[in-house]
Structure formats: C-alpha cells, structure tokens
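Dock chain one against chain two, each of which comes alone in its own frame, and use the hints as you go.
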Amino acid sequence: MTSDSMPVADGARNSLYGPLADVAADAGYPGSHPERVGFFTDTSVCIGCKACEVACKEWNGLPDPEAGALALTGMSYDNTGALGSNSWRHVAFIEQTVPSRADPGEPELISAVADGGATRWLMASDVCKHCTHAACLDVCPTGALVRTEFGTVIVQPDVCNGCAYCVSACPFGVIDRRDDDGRAWKCTMCYDRLRGGLEPACAKACPTDSIQFGPLAELREIASVRLADVQASGHPEARLYGADPDDGIGGAGAFFLLLDAPEVYGLPPDPVVTTKDLPAMWRWAGTAAAVLAAGVAVAFAGRRR
Amino acid sequence: MAECHPVAFQWVVEAKARGATVIHVDPRFTRTSALADLHVPTRAGGDIVFLGALINHVLSGGHEFTEYVRAYTNAADILPAEFTDAEDGGGLFSGYDPDTRTYDNSSWQPTGERDETLQHPRCVFQVLKRHFSRYTPDLVEQVCGIGPAEFGRVADAVVAASGREKTTAWVYAVGWTQHSTGVQHIRTASILQMLLGNMGRPGGGILALRGHANIQGATDVPTLFHLLGGYLPMPGPGEDMATYLARIPDGGFWGNKRKYLVSMLKAWFGDAATADNDFCFGYLPRISGDHGTYRTTLDMIDGKVKGFFLLGENPAVGSAGGRLQRLALANLDWLVVKDLTMIESASFWQDSPEVAGGELVTERIGTEVFLLPAAAHVEKDGSFTNTQRLLQWHAKALDPPGDARSDLAFMYDLGNRIRARLAGSDDPADRPVLDLTWDYPEEPGGDPSAEAVLAELNGYAADGSPLASSAQLADDGSTRCGSWIHAGCFAGGVNQTARRTPWQEQDHVALEWGWAWPANRRILYNRASADPDGRPWSEAKAYVWWDEQAREWTGLDVPDFEKAKPPDYLPPPGATGPAALSGRDPFIMQADGKAAIFVARGLQDGPLPAHFEAAESPLRNRVYRQDASPVSIQYAGRRQTRDQVAGHDATYPFVVTTYRLTEHHTAGGMSRTLSRLAELQPELFCEVSPELAAERGLENGGWATIITARAAIEARVLVTRRLRPVRIPGEGVIHQVGLPYHFGSEGLVTGDSVNDLLPLVLDPNVFIQESKVATCDIRPGRRPTGAARMQLVNSYRHRAGLADEEPQPGS
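One line per chain: the protein sequences are A and B, in this order. Sequential numbering from 1 applies to the first sequence in the numbering used here. Sequential numbering from 306 applies to the second sequence in the numbering used here.
The shape of chain B in the complex, shown without the other chains (with noise of 0.2 Å):
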C-alpha cells in the first residue's frame, strides 16, 4: 500500500499512531513492510490457504461474532444433499463438467430452509467448518512457509481487534486478485470479516485500491464488456427486455431492476425510447461470452478484429503476454492511440522485441496508426471516484497544449462526425447511433460539458429537476436516469461531488466532502453496524441506528436502509423486492439481505474459496488432488497459446511475481517520460535474495536474464534480503524473483516489459490474468539480442517439453 499508494497510506501511519495493529503479508519485505508491526512473507499464491486457516482458526476456537453471523450471512441456509464439497471432491464441487471445464450449479441451490441453531450437518456454518478443517497453522507453513508461531500472532491479532467493540479491516491492492483464483481470495478474505462480524461497520470492510485514480469510476459507469451502467449487465444473444429482466435476481433492491434501466434507456435514447419499443432495448449490443481484453487479443491475431481505440492504455507494456499483444496490435487495420505521449503502443511496428528478432518485418505491418494527443486530467474538468465509490470534482486548470483534448470532447466530436455521415440514412441498423441524446451543452472553447455528463448520469425527474434520489425513479419512461446507483449527485442542481467542506467543519466520516454513491453513503450495509434490534453494536463502533421515538433510521452516516422499515418489520406473504426483506436483513442487494458465506450463483469457480496452485507453480497441489484451477481461462485450443504453460517443470524452477514502484505509474506512459520520475527508479531490476544470487552468481548492480516459457528479459540485480527464500517442510527452500513492470522501449528510462514473460491464465469470473505467479529461470548475464533471444527461449520449452513459439500472421 506504501508503494502504490503513499497518499492512502497516510490513514494507515495516522491509525498506528492511534494505536491500530499493521500487519503485513506479502511475499517481499516492502515499503509498507518497514511501517507495519508485521511483515510475514509468504510464497506467492497461498493466500486461500493463509486465509482458510484464519477461518478454521476463528471457528475450531469459538471466536466467531455468533449474533452477528446467526443474523446477518447465509450461514442457517440449508443445502441440498446433492451438493458435493471440495472437500470430498479431491478439490471440485458438484457439478463440474471437465470437457467444458465448466461448472452447473444447479446442485449448489439451497433448500430454502433454515437451521437457526446452526447445528444441521448440511447448514452452511457446518459445511464451511468441515470445509476449512484442513486449513490448518501445519497446511500455512507446508503451501506457504509460514510457521505456526508467525501465523499465531497474525490469527491473534485479528480475532483481538474484531467484536463488538473492534473491528479489522482487510486492504489489499489489486495484485491480490491477479491470479487464476483472484477473486476466490476476496472471498475468503470475506468469509473471514462476516464471521467476525466486520462488514457493514466502520473501521471494518475489505478495500481494494484500484490501480489508478478513477477504475472505480470506470467500472461503476461502466468501460466493462459484460456490464451496463450501475452494474446491470449486459444483454445476451436473442435477449428482449422481459427475458433479460427475468433472469436478474428480483429480490432486495434489485427488484427495482426495470426501473433502474428504463430510466438508463430514457437518458440514453430520449424521446426515441417508449413504450411501445421497449424503450430500445433492442438497440443494446448483445454479448456471447468472453469479449474481455485478452480474448479480443487473439481475436485480432486472427484477423477478426480490423480497428481498436486505445484511450490511456499501453498493452504493448501493460497486458500479459506482450509479445501477443504486439503480434494483435499488428495485425489490425487501423489503431488509434490516444495518450499524453508516443507510448510502446503506438510504436511497436519499429521498436518491438518481435522487429528486433525478425518475427515482424516493419515494412508488412499493415496496422495504420494514428496518435492522438491526449489531455491530462488537470487540463480537464471530470470527476475522480475513489475505492470508497467516493466521487471527487476536479475543475481544470488550465487547457491543454496543442491538440491534445479530453477524452470526453474526442467521443462527442467523433459521435458527432458519425453521425453527420448517417444523417439522413433509413438503414435500421443506423437509428442506435442516430436516436443517442448527444447534445452536450458546450464550454467556451468548443469542449463539451462535463457537469452536464454528470448531471445526465444524476438523471431527471418527469418535470425535468434533477433527481435526488434513485427513490424516485419509475419503470414507465417518465424519469431518465444514466446510472440508478449516481441518483443524487447532482440533487438540487448542484454539483455535489465539488463539495469541499473542510474536515475541521464536519464530523470524521464528512459527509460533505464529494458524494459517494449510493445515496452519499460512505459505508455500504451499514445497518450491519446495529444489533438485529436497532441498537449500535457497542458505544465504540456506534454508526448508524433505529431511533424508537423518531420512527426512523439515523446516525453518522446516511443509514443503507428503507428509512422507516423498523427492525422487527417482517415481509408479508407475496411481498417482493425490497419489501420482501425485513427489517433485520442489512444486505439490501442480496436477494434474501444475507451475507453470502456460501454463494450458491455468479460464481464461475466453486461457492466456497478452495486452494489451487497457479498454472505454474514449482508445487503441487498440497490441499487436493485437483492441481491448479479447474475452471481457470486459458485459450488452450487456440494456436497461438498453445503450450504456453510450463505447470511444474523443473526447468523453470523458481517464481517470479511483478508488482509496481512508488515512483512509476503502470506501463509507464506517464512517469519513464518525465525526468523527476524517470530518474528515481531509472532502470528495470530484478530483486533476488542473497541465497538465490550466491546459486546463480548474480551480482548487486549487475545483469541478469529472466526466461520463461514465453519470453527472455533482462534486468539490473538487486540482491536484497527482502527477497527471502520460503521454506517449505519436505521441499527445502523456493526462491521467489522479484520484477517490476513499468519498463518499455519509449520514454526518457527504457528497459525489456516484464509482462512479456507472462501466459495468458485468468480468473474464470472477471477474466484477470495471473500475473503474480510465473515460474522461470534466472541466470547471470545480458540476453541475447535479435533473433538468439527467442532460440534462447526455445531452448528452455525444448527442455520442458514445450514445442516452438509459432511464426505468426504477418511475419
């Protein structure tokens, strides 16, 4: 957190000095490790293991926040005797279908009653106990080398600091999640909280830190494939509005589903948008499955994909798999590049490592591309959204130079231009573009307004006042609304997200500062934060509350419930929507207001988190029979990944796991051009513990080569005892190589992309790719260059077994 958000980290330092325990579990000794009270290293891609063993830690002793759990999660949910665990299943559930590597959960439903004892052996509380029995302080030290005593403090610490007068909270930044089994390490880390009550209350949650000032902004609007605004998602194939609505889950608050996206059609087709046509559901774009970035990679390998819009992306650097991104980038018809500079992105046809070793003749690139200069955001006027979904206005400050424009007013001047060039055309295909509001008041110079993008997403009421609450929206096209969970960001007229009372002013939790969505709501479920009648679980974490006299919810923040549903309100017969919740459910977009300890849908990989190793590992499974992910993606049948995965073999025999530096940004476009930047951290660098320079005799300050199955890179040498070797009983020590990821061939400070040394495996939910866990070698030495740097390669997948890396289209 130190290294990749300093700013942020400025809570955590003032929390230690108001007595917070820091604990930190990273496989390097970090920045942030030289701050916390704890760093205890851990081999990369043992989290579910380090974590399942804090859950059976938490249940084999009782510490469980019984009210809390009883009240709150799913655990009283009885499931069906069909259903299989991992457990029994050498590390699969029910219902796996191992040509399609697929799973039905059909047999993971519930029952639909309840054990409120918690008692029956099929209850969700007793299946998780069993389930993480194995989970035990012996398992951490075997997967993750970390010894009971360390593991002890860590478990310790965390059942101290929960309860009902403490609460812990789990931070973790995005690397977290990239792995093939990402998301389930969320879960666990979730399990955990809502066992020791931790959700829903403050000082508790589990936060994530996006990589970049506004990717929540960019996923709540969204910039997402399989996602509409306010996270509807996307139509599928034959859809129509009934059918897709059916399949949304109506219960809590999504049970206001149609009105959330007829008023998202209304804002986005106007007048065009009635009844009679569905308000134009027909005009959304359907999806099939995988449109992610990864696949849409090797669509353009295969030719299927003729132009691509880069706006502040460079996969050339920043994507798994360089070397096929590259090859994609080359084999489009056009490319528009939209950046504040020339990024490798834009100049791979004459600088890429595939130029340099013959597989990509500059002259048969076929790609036309055009680069655009782009305005940075403090030439702009926008909003920042934080991981708090707290929106923050910023005005600009000046304009930008040049030609350089925002991305805002490129889309409307380009929206504009198309649509110019079909005015007047009668193919139906046409109208979706035609029939779009886009009619943006303009600032002075030309540039469209970004208030007046913000107030659209806020949305109207039928007589044309901004809304101040998603409350008000209505299923019958009276309300335009471009995202339901931003109603209220612009109540009253006025931008809200501009607000800047200072703290001295307000209260801590500053209500006044920006607007948060929902509702301007700085903690999602905070009814949580009461006990199931209403009173604050203890003085010190009071928050939110039910005021008997008032007849209403109130209390710090703005309370995440029907304001005037009591606590003891129970669902009459029939009742649907938020009203077949009662007044004791706190999680209002949960169909049954549960917390889900077991997630019975939308997940791809299993209802509870289960370990797998990575796609390369030098261990095996220690836990199941089953390996690496069973449902991870792959694009194995495809040529071009074909074999790209090493598994165990020994010719790869240590991990590389990449990460990001305090004084670069990304892939680099934004901090290797400026000099202040480039010239902290002006070289890539490996980081090997002493033990694993002493084996390869590697040098401080010298070269070294890194070589995986796809690609060679090299490095400068940090030997640091911050790297140490983990020690796993019975296997002896693993040595973990440390890389950041900033560097590429443009740009004041230059150096090889360390994500060329990545295979495409992703999360089989959100389609991340596993960029902490690789094997390779290392040796002393600079690389070879030109076309020796992939024989190098290839001389490494002929030991293990792998057959050349293909030519590619185009070469």
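For reference, chain A alone in the conformation it holds in the complex (with noise of 0.2 Å):
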C-alpha cells in the first residue's frame, strides 16, 4: 500500500480529521442525499426530567434492567450512572457550590442564601455525539458502524461482531457492549424516524425544548445566538462544546450549550478523535514494512552470492 491509495488527513477529503464540509458525501452518498441533522442540547433549559430517557428507551425497545439490579447510586438524583448499551440518553445532575454574586441583580440560577457560598444544581442531557470524524466507524473492521445519509453514525447490529475496538476508539466513552450478547450499541439518533421524517423520540420528548434537532447548519446558528444571551444573562462562563468543525473531531452532529467547563459534566475537554494519526500510522507502518521487505530482499540477494 502506497500513500497514494489510503486514506489521507490533509487536502480536500479530510475523511479523518478537521474541517468537513459534506460527510455523507464523503461516506459516498450522492449528491442529492439529505442535509446533515444533529441534536442542539441546551443545558441552560433542562429541568432534569429524564423523558428522553424514558423516550429513547421505549423507542428503542431498549431492554430493561435486571430484576433486584435497582439501587441509588446517591449521585444528586442520577440514578442512571453514564450512557451504555442499554442507556443511550444520560442525564447527568451536578450540585455545586459557587460564589456568591456580588450583584443581587443577577441571581440566576443560584439560591438566595448565601452563607458559605450558593447553590447550583446543573443538569445536562447527554448522547453519542455523532462526530464528523468517528473513531467508532473507523476502526471498525466488520462494516457494522455506517455513516448514514443524514450524517449520523449507527451500528447495525446484524453486522456487528462484538470485536470492541470500537468501545475504545471513542473519545467519549459513548459506545458500550451488551454484557449478554456482547454487541456495541449506542445512540442512532432515532435512524428509523428520521426515514419516517419524525424527530428522534428525546427530542420530540423534551418538554422545554432543552433537546433541539434539525439541520446542524441551522441548529449552529442558533446555538450561537443562544450563547450571546445566556452569557449576557450572567453566565459569562456558558460556552458551547461540540459546535466548532476545528476541534478534535472535525465538530459534532451533537453538539452542546454548558454553563461550566466539560469535565464538570463528565466530558472531555478537548476531544480528538482517536484515528486521527491513523495515515501516518500507516506511513510508518509502510515505512517499517518497506524496510523489512528490503532488508530481507538483500539478507536472500546476499545468500545467492
């Protein structure tokens, strides 16, 4: 294998990493192939009540806990612990402690009562991020993980083999196994609805509309504008996570609004996707099987003399 014939990071393709105008078209779906959708979440919004959870599950046909398995985790009111096979929504409640505001004119979101600092009480809803750049699919050696027409990634699971490498290719930590039947599973942003022209069943679920989806182009905007208020608003520390296409993994098909910094909801700070070396993998790989090769071709030239 020459360079010439693998995948290349740089120049027009960026089929691994940053900026990626068209992925479908670059999973070789035609022209006419719908626009790219994704999931705006806005953690500003959210009210904690796990619907799209509930949602997701029963669309899903996600299957249920095992009987006597139900206990409090004692995390705030998380009782679901961190997306899996099995959870492909995770609401996440994060309680600090923060400063007080010295301007009583802005309180949001914080209690009034002061003493030893104020209350805080975050909840975000999280959800495999759909990367433009998606280690899962990368590595993925069975054809199992697709990029669909609409953008998104899923598993298809009568392809799937249970290999795993996808379950440590991801930066998030999104894609899980099934501990009985040893497939990955994760989000598919309601793949079956999107063909039916219906919203995934988390958005469609969220009464405060906390969960957007829609065209990415068109949600990016409007993340933007949101950003301006809820940082006007005095939450100069809000910022989006996800939204920008130089990032780590080319910018993702779920994106977020957060009031505080990633690792406090759990997520990684600067995420990369873990194939983004793979060309000058393989360039060195190719290196070090060129030398072999020629090494060997002159150990057995030397033995014909």
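A portion of the hints provided could be inaccurate.
What the simulated footprint calls covered on chain A by chain B, stretch by stretch (three residues with Cβ under 8 Å from a Cβ of chain B suffice, anywhere in the stretch; the number is not a length) [unchecked claim]:
1) 40 to 50
2) 58 to 65
3) 70 to 81
4) 119 to 133
5) 199 to 209
Just a few of them, taken from the derived set where beta-carbon distance is under 8 Å, the chain A residues facing chain B [what the hints assert, rightly or not]:
6) 54
7) 95
8) 97
Since the hints were made in silico from the structure, they are not lab data. Beta carbons: idealized from backbone N, C-alpha and C, even for Gly.
Encoded structure:
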C-alpha cells in the first residue's frame, strides 16, 4: 500500500481529521442526500425530567434492567450513571456550591441564601456525539458501524461481531457492549424515525426544548445566538461544546451549550478523534514494512551470492 | 413545578426567555429552583407570614393598584363594631367557641355601608392594613428564616411586575394547600393579587397545578362528598328544595341557582322529575357534616362502613396516617379495588407493616378483597380538565387488555345489574336508583358512550337540541343539564372539547383548542381586565373591553360579563341575581360582584389569614398567643387518634416535609410498576443537609431511620446542600428532612411508605391533611423489623409523654 491509495488526513477530503463540509458525501452518498442533522442540547433550560431517557428506551425497545439490580447511586438524582449499551441518553445532575454573586441584580440559577456560597444544580442530557470524524466507524473491521445519509453514525446490529474496537476508540466513552450478546450499541439518532420524517424520540419528548433537533447548520446558528443571550444574562462562563468544525473531531453532530467546563459534566475537555494519526501510522507502518522487505531482499540477495 | 409538572413548566421556560422573572419559594432547592432567577429557601409552614409581609409591603409603601382595589374589591365595606380582629384577640377572631373549636361568623358580617375613600377605620382596607402591620421583613426572618435582603428582592420584583402595564402570577402545586392553614395560604396570595390588580387579567391570577391530569374535572362534576355538579352544595339533613335553595346566597349568577338545580335533577331523573315532586329533590343524599376521606377511615375502624370502592386510589400509601388507613381497610366486609396493577390497598392483608409487626393477623382479617383490572386513559374515550378549566378530549387508541374495563363501563354495568335486581320493587328506598336516567348508547364492544355522558353534562333545551349556553336554562323542568358550568361543551351537537385547531392558525388565547368551562372562557372574571369604564387598563394588557359602537363587550376572550350590560349600568331598586350587579362589578359569582379581600361567609377559620404554626412544629408561634390553628380538625376525641400529635416536643427536633419526584406518580401505582420509571428513582431516600448529616452521623448512600409520633421508616440518605438548615434569630438552626412519598411494598421497586409518618390533622375548610410539616427525629441505620418497629415508635412516644399506640379491633 502506498500513501496514494490510502485515506489522507490533509487536502480536499479530510476524512479523518479537520473540517469536513459534507460528511455524507465523504461517505459516498450521492449529491442528492439529505442535509446533515443533529442535536443541540441547551443545558441551560434542562429541568432534569429524564423524559429523554424514557422516550429513547421506549422507542428503541431497549432492554429492562435486571430484576433486583435497581439501587440508588447516591449521585444526586442521577440513577442512570452513564451512557451505555442500554441507556442512549443520560441526564447528569451536578450539585455545585458557587460563590455568591456580588451583584444581587443577577442572581440567576443561584439560591438566595449565601452563607458559605450559593447552590447551583446543573442538569445536562448527554448523548452520542455523532462525530464528523467518528473513530468508532473508522476502526470497525466488519462495517457494522456506518455513516447514514443524514450524516449520523449508527451500528448495524446484524453485522456487529462484538470485537469492541469501537469501544476503546470512542473519545467520549459513549459506545458500549451489551453484557448478554456482546454486541455494541449506541444512539442511532432514531434512524428509523428520521427515515419516516420524524424527529428523534428524545427531542420530541423534551418539554422545555433543551434538546433541539434539526439541520446541523441551522442548529449551530441558533446555538450561537442563544450562547450570546445566556452569557449576557450573567453566565460569562457559558460555552458551546462540540459546535466547532475545527475541534479534534471535526465538530459534533450532537453538540451542547454548557454552563461550566466540560469536565464538570463528565465530558472530555478537548476530545480528539483517536484515528487522527491513522495516515501517519500507516505511513510509519508502510515505511517499516518497506525497510523490512528491503532487508529481507538484501539478505536473500546476499545468500545467492 | 418543574418537579411535578415538567410539561407545564415549558411555559415558564418560555416566559423566562421572553423576559419574565421567575422566583421560587420552597424549603428545598428543586429542579424548579435550578431554572429560577431566584430561589428563596424558607421554613415549611411560614407561608402566611411571608405573603402577609408582601401585603404589608404593598400597603405601607402605597404600591396597591388603587383604582382596581376601590372599584373591584370589597375594600370599602365597613365592618361592624362587634368584629374583633385576630390582632386584638391573640390570634382569635370574634365569634370563637373554644369548646367546639368553631367560629360563629355573625360578627364578621359587613354593615352594608361602604366608604369609597377607604379611610373609615372599620372599612376592610383599614382593617387589612392594621391586620398585617406586624407582618414585617423582621418577622419573616424570625418565622421563615428568610433574610430582609432576600425578602426585599422578592417584594421589589412582585411590585415592579404589577400594575397597569404588567401582571404577576402565583403558581402553586397542591402542596401549598396541604397544611392545617392551607386554604388561608391561597387566601393570602389572593389578597395580594387583588391589591396589585392581578386578577381577571392576562398573565395574572393564582394557578393551582392539580396533582393529577383530571383532578379539576373530578372537582367540577364532582366526586367530592360536599358538592353536587357545578359547585352546588349538597343538601343537609331535613332540607327540602325551598330551604336548600334559600341557603345559597342569591346574589350575582347564583341568582340562577334554581335553574341550575332543576335542570340537573331533570338530567338525572328524567321524566320522573316533575314540578309536583320538586323534581325528585328528595332523592338526593343528605350530608350531616364531615364525610371526608379521613373521617371515613375512622368510621371504618369503628365498624360503621361495610364496603368500599377504590377506583384509581391507593390510600394505604397515598393518604396520611398509613397505619390507620390499613387498619381501616382490614375492618371492612368487602373492598373493591379497581386499578392498573396490584397496589398496597389491595395487598395490605399480607404485606403491610401491621402484619409484619403482629398487629394484624392475616387469617383474622375479614375483608373480602376484589381486585379488578382497570383500563388506562389511552384505552378509553374521555376528557381531561386541566387547571385552566380546559377540557381536552382524548380518543381511545386501543382496547384495554384482558378483562380490564374503563371506570365508566364498570359503573354503568354495575348500575344496570343493581337496577335489574331491583326491578319491580315497590320499596320507596329503591326509587332513586330505578328512576335514574341510565340509558347511555353503547359503543361497539358494549362500552357506554363517553361522548353521550359529555352531552348529558352539556344538557338539552326543551326541544331536545343540545344547549349552547347556560343562559338557556329554565327552572320549570323544560331543560336538562347535568352540570350548568359545562353547558356549551357540546354546543351544536359537536364535541367542542375535541377541537384541535393548531396554534399557528389562531391567536394566543386559542379559543379553538378544546373547550373551557364556563362558556369556553379562558380567564375568569376577565371584565376586570378593563377599567370601570370598560377600557383596557393598558395597551399591553388589553384583553376584554366595552365596544361603545356595538354596545357590547368584546375582546380576545369570551367576556365574563353579560354581553350587553354597559359599564354605566346601575341596578334598579329591588333587582336580584345578575341584574343586581352594576356594569362595574366583574366578580359576578360573588353576591356583591366584588373580589373578597375580607370573607364574611364560607370560611371556617377566619375572614382574614393569620399565621399559626403547624400542629407539630419546632417553633412556637411568634405572631399570636394562639399557637396552632384553633379550628384545625384533629379528631382528638377519638381513641385512634388521641395523642397522635407531638406539638413542640423536643423528642422530635426536626421538621419533616414530603413531596413528589418527577420520576414517580403519587402513591406509585403507575410508576413503581414500570421499569422505565422505576429505575430512575429506584429507592426511597431522605434528603438532609451536610450539617444535619454531621450532627446525626448520616452518610450519603447509607441508611437512616426517621421516627415520628406515628411511625418509623427507613430510607437511603442523600446528603445535599439543596436542603439548607434554616437560621432563626434567637432559635439557632432548624433542620428540615425531605422525603418523597411514592414508595410501598408492591411494584418493581419498593420502600417504606412516608405517609405513615403523618398525623391526621386537617384544614377545617376542605379537609386536606397537613402533610408538608410534621416533626421527626432521624438516626443512622436501618429501622427494626417486626414488633420491634412499633416498640421503637413507642419508646419515643414515652419520652414525649404520649401514651403507647393502642391495639386495634381485629388484631
């Protein structure tokens, strides 16, 4: 294999890293494919009702927890714990003590009693990021993980062989194997609903529009306006997460407005697609193979002499 | 609101996005607080002091909406010299009888004179000013633990968002009423809203978020023991139609009471109801007093109740005093439980704490329990009525499984079977059942038509056509109407409640979405949205107004006023009913057409709100000599409830308050049985502050035992700063323990029932239990099991000077 015939990181296609204008086209869909869609999860209006978790499990028919396995985690109101093979939405609850605001005119999200700091309760519904550069898909040896015509990433359960390469490849720890059948499962952005012209179940169920679904380009515009509003209303630390095509995953298909640093929510601060260096690795491997071959050739050549 | 009504909370989020300030006052920092602009933590039970201080802030600062108060409220009424305010009576109004714990309200009746300048020392306005003059920010700090700065922020925000240009809404979930002074909490908020001109106007009002999807509908039709349909009272013992009607004040639209009653009796008894027999008025049951749920519980224990139907209710978990509830169920002859799944009220005979403790022995319980499967709401036609009185029809989506049936089908079938048994009887006692109109058309499959029931509520004119409005009702028996407030919901023979015109195709009032009683009116008393001359108070808040050209009321909503009665109408001498109200009297269901700042009739606990401590409280009353409500219902003379309240005893040093979680529904029968919901909150927990956890050695995730004078339960511990100790000057710190009440012994996830902790202490007006404040102790570790559990309760009772819980009949 030469560098000409393998995927390249740079130049026009950007299949593994960097901005990519059209993920579906990059995956081989014809020009008439649908617009790329995504989630904008605005955590500043999340009320932690978990309707997204329930709607997701109902629509996708996710398995029930084992009888007797239900126990309180003791982590605020979060008894789901994390995204996993059977929980494709997860609402995190973060109880914080933050400094009381000096200016009482801007007490947003903050309890009035100020002794020892004020209370803040962050809630955020996490989900698969449907990365522009999805390492899970890149490493899948069977082709079970595919890019859809909507630009999302799904697992085909009938193709997955449970090798779990994707599990270690995901920079967010999203994709997970089921204990019983060993296959990998994650959010499909309700691919079946999208095919039917419906929005995903979680977005449909969200009462406060914390989860918004739509064409990704539109969502990014909505999000930048919303961010400015939130920042102006006393949250200078608010930020978008996963909205930037220049980030380590080429921008996420599911991005967030956060009120604090990503680590606070259990999100990696600067995720990078784990296959970013694949071309270089191939190049090194290719070079090593060439050197080896040359050495072998030299050795045989020597013996003939 | 976000906790218990997440779907409705979307409108708060939307209002906030449009610039509204959202303030949350609650002992706990909840999911609502998380999205509020300001959370004000308070001590449970201090509500009247907090709201009273807001009233005082308005009055002492001259912030009231003077034109509104003067024209639309009874502030100008002059009270008699005999009236004594609670301020001058140590917390008691004039007319109190300590032996019966009741008030005689004759000294509360206004003289009939008015002082429009509001200066007369005995006018309601001046009495109100004096009444709340001691309700200061200092008092708020002493009672609620809210500092003057926080209180000031709330006061400023409420005043700034009221007046001609703006309105403020108070929104509450029904926990606000679950106090021995619950009705007066709402009264205090009402007075504040009247003073600020926030009633009958868009964006104003006091909005009760009912605890279930259709509780409003159940109240309207109703399923309450003291009401007939459309808020007509139940007849009392010995009352004939004339004395009954004479008891209902006939001012305002209640002047039509005979039309409402006769039309209802015609709907119920059809051709059997004639003018000669007072339209079968004698068939109606009579009530002699309190027949509420808790009184019935005690009557069951006393053996006075033989049989009991429970349709979608789970008192073994959901009602206060769980032990008494279960002892009551165990003392019946028969019990019919109709529910979606097995619930504790049907399984108490084998898995209740009383069986575990030996107080009840399964083999000796005589109650025959019938558990019948019920259809869920998607498995039947029907309507939900929400807090806005909006009826929204839902169509059956699929057949119920197996033998499950709707409540309507069950009751209709039961009625048919009883009537078949009684057919041919000449016993007069059987006539009411035999004379009932019981002839609903049947749907394919045999269920009675729910739409036919709605049409019966709507009613029919003399010619048999569906009524378009309650204005068509007559009192001669020519019209039939099951519920006068619902007249019009089937206008034109069309189910108006099923209308679904999208919001994009109508204005924001959305009159074509569903149907609201009465007359599809979305805001009650909306005549108050215009000034006395009929002009909107402001452009921004224009809603309903007088059109001088057309000589009629018009606007965005259906005007809550006689359409052609001009603002300058003055009643002629001797006028009665609606005609006695002037063109400037918006509150048309009141006899004088005015909003009642001072309530002379209808309340058992005083014409003005006054603060009392809960029956159990760590604090003594700092406002009055009278400590707790002098008229709360405690059934103290009965053996089962004697000594059940610990008062201020320091054996129980902490406040316990109960509530619901988003993830579960009330007593849990609809959520603990569903894996998707059960897994989200899989165990009972108590919420405590880090300070209380340190004081009592409680660990996050560990176990705690909570003990009251009634019961001991165990719960896992959540240590959280969201539950803050309340600091009371001079008293130090008061800790509050929070407990969601959803758990019981059945379902996928189980746990102790929190309502077991609560006493039977009730509001005297509406018989609701005091479930938001009681006192408890908390200690680390799990509770004892079996008989040792009650021994632990009794060991605390000894320390508090209370007698042992006594064994019950049947044990």
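We went through each hint and held it up to the structure:
no., hint, result
1, 40 to 50, "holds (count 5)"
2, 58 to 65, "holds (count 3)"
3, 70 to 81, "holds (count 9)"
4, 119 to 133, "holds (count 5)"
5, 199 to 209, "holds (count 3)"
6, 54, "5 Å, holds"
7, 95, "6 Å, holds"
8, 97, "6 Å, holds"
When the structure is compared with the earlier hints, no violation turns up for any of them.
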